Amino acid sequence: NAGVMQNPRHLVRRRGQEARLRCSPMKGHSHVYWYRQLPEEGLKFMVYLQKENIIDESGMPKERFSAEFPKEGPSILRIQQVVRGDSAAYFCASSQNPGQGSEAFFGQGTRLTVV
Amino acid sequence: GDSVTQMEGPVTLSEEAFLTINCTYTATGYPSLFWYVQYPGEGLQLLLKATKADDKGSNKGFEATYRKETTSFHLEKGSVQVSDSAVYFCALSILTGGGNKLTFGTGTQLKVEL
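Order-wise, the sequence lines are chains S and R. My numbering applies: residue 3 is where the first sequence begins, and numbers increase by one. My numbering applies: residue 2 is where the second sequence begins, and numbers increase by one.
Each statement offered as a hint is correct.
Taking lysine to any residue and the SDA-like style, the derived pairs with C-alpha atoms no more than 25 Å apart in a straight line are:
(1) 53/S <-> 76/S
(2) 112/R <-> 42/S
(3) 46/S <-> 11/R
(4) 29/S <-> 107/S
(5) 53/R <-> 98/R
(6) 29/S <-> 40/R
(7) 64/S <-> 2/R
(8) 78/R <-> 6/R
(9) 46/S <-> 89/S
(10) 69/R <-> 105/S
(11) 61/R <-> 23/R
(12) 69/R <-> 55/R
(13) 57/R <-> 102/S
(14) 29/S <-> 46/R
(15) 57/R <-> 107/S
(16) 57/R <-> 17/R
(17) 69/R <-> 96/R
(18) 46/S <-> 9/R
(19) 46/S <-> 87/R
(20) 61/R <-> 110/S
(21) 29/S <-> 12/S
(22) 53/S <-> 98/R
(23) 29/S <-> 97/R
(24) 53/S <-> 97/R
(25) 46/S <-> 10/R
(26) 53/R <-> 79/R
(27) 53/R <-> 104/S
(28) 46/S <-> 8/R
(29) 64/S <-> 3/R
(30) 46/S <-> 26/R
(31) 57/R <-> 80/R
(32) 29/S <-> 43/R
(33) 53/S <-> 96/R
(34) 46/S <-> 95/R
(35) 61/R <-> 28/S
(36) 53/R <-> 100/S
(37) 46/S <-> 49/R
The hints are simulated quantities; they were obtained by calculation from the structure and are not laboratory data. All figures in this text were calculated on a predicted structure; none of them were measured in a lab.
Build the full structure now, drawing on both the sequences and the hints.
Below is the structure:
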């Protein structure tokens, strides 16, 4: 029973390139959350998606960042024209239907380095 | 807005010592409270949780009690091991139309030495 799968684990991009981060949720989970962890900081919520819908993107930067969770395939977090400040670990979490105390299962993260 | 404050690290202890990591929260609603653990290079794993006041979450010798009167959820373990060395995150979530997004503290690094 595979857990939440993220790839790649490590990604290096030059300034101005695009970064695409993928997340396959646990089997049977249709709710996906993306978080960003900057060095020496906690995780910050970015976006919450259900299949084909963005439910809450209140934590997403207004420009260059987008997310999708298509009917088929993994969820994608896309960062266009990356800058050094985008260097961070990006974590995806999935859950079943939301509920009080519902547990989110995390992937191992994608560590993005912008050079 | 909602927030979580936890004690800064790193915390360095000798094996078999008692551990306390303080966590307090501010929330506009009635949150569920969580402790997550992150080992080096890994994602977060749920350690324990509590969903209502006076509930005690426990797992692997760790405990935390949901204290509504002091808005706290302190993590404790009676006897730590070297294998407990990791970063510990306190978090809350409030069920809304936006699902169960988590608000995290900044994390506390624990180092346990022989």
